[in-house]
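Peer 1: Each chain, letter by letter, is given below.
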Amino acid sequence: MKTPDGKTITFTFHSHPTKDMKARWIAKVTFPPGSTADTVLPISVTDEEGSPIESATFEFAGMSLKVRDGKASMTFGEFIAGKHSVPIWLHRDGMKPVPGVLTFA
Amino acid sequence: MEDKEWYELVKAGEDEGWRLVWERVVEPESKSMRSAEMMERFSLTAGDLMGMLFDDMIGKRKIDLYRGTGSFEGWLKRYVRGYVLNADPNKHGEISIEGAHPDAEGEGEAMALPFQDKETLRVEVWRMTLYFFRLLWNEDPERCYIHLLKTRFFLSSEEIKDFLDVSSAANVDQIFSRSVKFMRESWRNWEAGKKMTKK
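Residue numbers (our numbering), protein chains in the order written: chain X, 1 to 105; chain F, 1001 to 1199.
For the record, the hints were derived by calculation from the structure and aren't laboratory data.
What you are looking at is a predicted structure, and each value in this text was computed from that prediction instead of being measured.
Heads up, the beta-carbon is just placed ideally off N, CA and C, and yes, glycines get one too.
A couple of the hints might just be wrong.
[Unchecked claim] Some chain F residues judged to face chain X by a derived CB distance under 8 Å, without partners named: (1) Glu1142; (2) Tyr1145; (3) Glu1159; (4) Asp1165; (5) Ala1169.
[Unchecked claim] With a straight-line Cα cutoff of 30 Å, these simulated BS3-like cross-link-like pairs (lysine-lysine) come out: (6) F:Lys1004 x X:Lys83; (7) F:Lys1031 x X:Lys96; (8) F:Lys1077 x X:Lys2; (9) X:Lys19 x X:Lys66; (10) X:Lys7 x F:Lys1077; (11) X:Lys96 x X:Lys7; (12) F:Lys1031 x X:Lys83; (13) X:Lys7 x F:Lys1031; (14) F:Lys1004 x F:Lys1181; (15) X:Lys7 x F:Lys1011; (16) X:Lys28 x F:Lys1031; (17) X:Lys28 x F:Lys1004; (18) F:Lys1181 x X:Lys28; (19) F:Lys1062 x F:Lys1011; (20) F:Lys1062 x F:Lys1077; (21) X:Lys83 x X:Lys71; (22) F:Lys1181 x F:Lys1060; (23) X:Lys83 x F:Lys1181.
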């Protein structure tokens, strides 16, 4: 597994539409150029206005990732191991978990 | 490459054909005087145009409307210009003749009155595309990753094979082809459902 040299790829995930705008979220998973199995992928998790989400758990690619100050991470190998995993959720204390999906953004 | 060969490659969703679409149509149009300023104003990127063109041509089979007369490049550019013009929020619901028709180019064609609210239609198309993409995700997220890596990031099948650890480039093409078919069928089903509702 290897990402192309000289190209940074970012996948953007959006929460499903919710009535409560505060519950919406955006997560961006970035693959640096030439990433291999051990490369750490930075993940940013923000609200709809782009403010970092202070504390949460991001359920993605079959893993539960801790989010602190809008940041989380996983290795490229972990991403590939969970590439068929459907559930994506953001769990925040005191709020209902909100699902999301990959978008064209 | 001749138009006929190019057309066939684009129709088949081949990388080579779509790379030429990017190089000859989308990128030059996005940098043209007439479109660049509007695109910046309406927060539209060349990638957005490419995505919309791909969804129309492959997802909604508008590629079948090309009759082989006139330049294929010019025909594609008219769609791309239409996307830029229709991104103008001030055109929402406009009954003026100029530019409201997505195919409008020459003065004669500009006389066609719009029979639908193009902005509403565009938003609906976009929303439904995202919805079908979500359905595709539920089938298998890998299909969505491949779809995006091909149409948004323009990676070759070989690059995607390495990226997603797929067994072969041919397998990437097969998965991509299935995902396009899925999106196309979702459109057909939705259109059929709409017609049933109207009746």
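Peer 1: Each of the hints needs a verdict: does it hold here or not?
Peer 2: Going through the hints against the structure:
{"no.": "1", "hint": "Glu1142", "in the structure": "holds (5 Å)"}
{"no.": "2", "hint": "Tyr1145", "in the structure": "holds (7 Å)"}
{"no.": "3", "hint": "Glu1159", "in the structure": "holds (5 Å)"}
{"no.": "4", "hint": "Asp1165", "in the structure": "holds (4 Å)"}
{"no.": "5", "hint": "Ala1169", "in the structure": "violated (14 Å)"}
{"no.": "6", "hint": "F:Lys1004 x X:Lys83", "in the structure": "violated (38 Å)"}
{"no.": "7", "hint": "F:Lys1031 x X:Lys96", "in the structure": "violated (45 Å)"}
{"no.": "8", "hint": "F:Lys1077 x X:Lys2", "in the structure": "violated (35 Å)"}
{"no.": "9", "hint": "X:Lys19 x X:Lys66", "in the structure": "holds (25 Å)"}
{"no.": "10", "hint": "X:Lys7 x F:Lys1077", "in the structure": "holds (27 Å)"}
{"no.": "11", "hint": "X:Lys96 x X:Lys7", "in the structure": "violated (36 Å)"}
{"no.": "12", "hint": "F:Lys1031 x X:Lys83", "in the structure": "violated (36 Å)"}
{"no.": "13", "hint": "X:Lys7 x F:Lys1031", "in the structure": "holds (22 Å)"}
{"no.": "14", "hint": "F:Lys1004 x F:Lys1181", "in the structure": "holds (23 Å)"}
{"no.": "15", "hint": "X:Lys7 x F:Lys1011", "in the structure": "holds (27 Å)"}
{"no.": "16", "hint": "X:Lys28 x F:Lys1031", "in the structure": "holds (27 Å)"}
{"no.": "17", "hint": "X:Lys28 x F:Lys1004", "in the structure": "violated (40 Å)"}
{"no.": "18", "hint": "F:Lys1181 x X:Lys28", "in the structure": "holds (27 Å)"}
{"no.": "19", "hint": "F:Lys1062 x F:Lys1011", "in the structure": "holds (10 Å)"}
{"no.": "20", "hint": "F:Lys1062 x F:Lys1077", "in the structure": "holds (14 Å)"}
{"no.": "21", "hint": "X:Lys83 x X:Lys71", "in the structure": "holds (20 Å)"}
{"no.": "22", "hint": "F:Lys1181 x F:Lys1060", "in the structure": "holds (10 Å)"}
{"no.": "23", "hint": "X:Lys83 x F:Lys1181", "in the structure": "holds (21 Å)"}
Hint check: violations occur at hints 5, 6, 7, 8, 11, 12, 17; the rest are consistent with the structure.
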